[in-house]
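First residue of the sequence shown? That's 1 in the working numbering, and the numbers climb one at a time after it.
Please note that a few of the clues may not be correct.
[To be verified] Capping the alpha-carbon separation at 30 Å, the derived lysine-lysine pairs in DSS-like fashion look like this:
hint	residue 1	residue 2
1	Lys108	Lys155
2	Lys85	Lys155
3	Lys155	Lys2
4	Lys2	Lys84
5	Lys85	Lys2
Simulated from the structure, these hints should not be mistaken for laboratory data.
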Amino acid sequence: MKRLLVLVHRLEDSILVLLLLAMILLAGYDILARTLFGGGVSWIPPLLRVMVLWIGLLGALLATRSREHISIDLINRLGGPVLKKVSSVMTLIFASVVSGIVAWHSGKYVQMALEFGDMAFADVPAWPLQLIIPISFGLMALRFGIQSIQTLSGKEVGA
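Please model the entire structure based on the sequences and the hints provided.
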């Protein structure tokens, strides 16, 4: 199981690095093309916007993996150990439920985009580009759920 987690983490990290590298190269090419040739490639700006969405959601997924996501921890700073544990478990369960709801509804949205034949740009269907939303929120829901169980059992390790 630990090997599988290491493989998944490496895959996430690799996708993030490749996306960022591709964004830099595409944006650089587009800037050069606009400057030197008087016009860029029409599909690069919308593709960059999609890539920003992917990087943002994959970055959020990475933050949940290492528990470096945004949190308000006033109770953890002021409360005792029992209150900290209860607060942490409740917060993680809440985050898991909310992430699950977002994953479910964004999955329905992607399904509707597929059914209606929405196009993103340059004859590229929108639904494959939008799949990152339900996938990332589904994985975040899973990670938050696992982390709540780990916190409750006292085995706080990376998920």
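Tested hints:
no.: 1; hint: Lys108 <-> Lys155; verdict: violated, 35 Å
no.: 2; hint: Lys85 <-> Lys155; verdict: holds, 12 Å
no.: 3; hint: Lys155 <-> Lys2; verdict: holds, 14 Å
no.: 4; hint: Lys2 <-> Lys84; verdict: holds, 28 Å
no.: 5; hint: Lys85 <-> Lys2; verdict: holds, 25 Å
Violated hints amount to a single one, hint 1; each of the other numbered hints is respected by the structure.
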